[in-house]
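Novice: Fit chain S to the given chain H structure using the hints.
Line by line, the protein sequences give chains H and S. Quick note: the first sequence uses our numbering, first residue 1, plus one each step. Quick note: the second sequence uses our numbering, first residue 1, plus one each step.
Keep in mind that the hints were calculated from the coordinates and are not lab data. A virtual CB, placed ideally from N, CA and C, is assigned to each residue, including glycine. Each statement offered as a hint is correct.
Partial list, derived from the structure: chain H residues whose beta carbon lies under 7 Å from chain S:
{"id": "1", "residue": "A12"}
{"id": "2", "residue": "H23"}
{"id": "3", "residue": "Q84"}
Now the stretches of chain H that chain S is said to cover, found in silico as 3 or more residues with beta-carbon under 8 Å:
{"id": "4", "stretch": "13-19"}
{"id": "5", "stretch": "69-81"}
{"id": "6", "stretch": "238-247"}
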Amino acid sequence: MAASHAFRGLQAFTFTELFVQLHEITAILTSLVVQVILLIFVAILDPKLIGLALMGAILFSLFTLGQRVQNEAAYIRIDHKLDQLYLTSPLAPESYFFGMSVAVLLAYLPPIAVLVAVTAYVTGFSLLTALILLAGGAGLWLFSCSIGYIVSTFFRDMRAIWSYASIFYNVFGVLPPVFYPIGELPAFLRPVALVVPPSAAAGLAQWSVHRSVLSGGEVLLASVALGVEALLTFYIAILWARRSVREP
Amino acid sequence: MDGDPLRASTVRKVYERRGESPVEALQGVSLVVRPAERIALLGRNGAGKTTFLRIASTLLAPTSGSVTVFCHDVASEPELVRPLIAVVPQEGKPFFHLTPREQIYTYLRTRGFGRDEAKRRTEEALLQMELSEFADRLNITLSGGQRQRTMVATVIATEAPLLFLDEPTIGLDPFARRRVWESLRRLTRVGSTILLTTHYLDEAEALSDRLYIIERGRVLVDGTAASLKAEVGGSVRISIEGGERARPIFASFGNALLDGGILHVITTPERVPEALALAARERLATTIGPVTLEEAFLRVVGRSIDAE
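This is chain H alone, in the form it adopts within the complex (with noise of 0.2 Å):
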């Protein structure tokens, strides 16, 4: 299938969603609070480690960003039922779930702009390390965008998506090495932390300021593991997307 018509509507599509999205302005002005909640936690319990902690931050930030991709594709199917006007029309189904995923991170981009400021003023962080955020950020949010547009299309009823989806996305984005350094975790777990998404991105921006200590071969692992995933739950909610528009 031809790109173009793989993505038609992809951009009239994200514009609708992005308008959407910007008028929920509390939801974007609080979208930093658990994360604000983990840096003070942080600040106390050892200074030193603030500025890998607001890496964490920015990286976690990005995660979450599938929980709200996830939320608003449920809703709007479920409750709203637009999915019906938008899947019956020539919009192509993948520009449904990216337009979504894109305007998502639009519209929570301003806040996540604030964290990395903070983060280049902190810390003063080398270009390897930008580098290595804005790979690592952008691989996160393809994976839990992927994640929580597919894990959407299996709910039928809001209320257990929303536990379902503070479970993922507290597990995944906070017990894992994110706001703290990997080298805390016991050896046999660090394979585990470097092939987990959030944990992956976060111990490649924590080697990059020599706040935890990795070899070349954990380095790969954590490089390709992000990549593979990310591309590959890219590619899996693509075609998803195009298949669960009718149901079997």
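Specialist: Chain S in isolation, oriented as in the chain H frame:
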């Protein structure tokens, strides 16, 4: 565009859920919708109307049978079908955080309309649905009826060749319903074709060129409202309280249709005085009126459209 807007041939749909017996929602539905027609699928709740509409609009796979839209198979060529259709979902709501104007405009842009054309159509649709007064208020602040009108306006603004409307006037007041009807009539005048589901008999009668009565996943009958009413066997309906008990008393007056505790006797105007006199002697309360689609439905289905 070639061919009929819609052709369905022996469409079956069986829902299979783990741990539950399969449910056959459609049992071989066949129908044809011709260009610029307004067709109503009329049936009770759970008759299979929405299932059919979801299949025809590419949202649900049929178990067997085929549906084509302008000669494109909805199952194998959905990408070719979707630009030709637009759907008002049952109980659909517009984005709460958009205004009606934004909802219609952005939807048209999503469908590929240019800025100017989208703006022109948006204003036209707002006017037709009498939404101009609320056009810049967020949908979340509108009443249920105003939201429903926004959904209808969004879809009619497309002037798609084939429109599916699933219970489009549910929750609307009588004036708003008539506005929707008028807009749909206008659309078919400019060449669109409309397939709508409804369980409002007056809506089916006022709006449709032809209608299909569906019951338990089967098309029981199709025709115009006038032809279906003609088959009832008279032009006057006398509704008599007393139900089954009253049937033998009025047997000679014409067709008698039982609807719960009410017996509807279908007869000719000449026999009305005699029937009313008889009812008065028997002390049975009666009402009288012209034969409507309700009696036609009752005759075909054996139950009122509102019966559970």
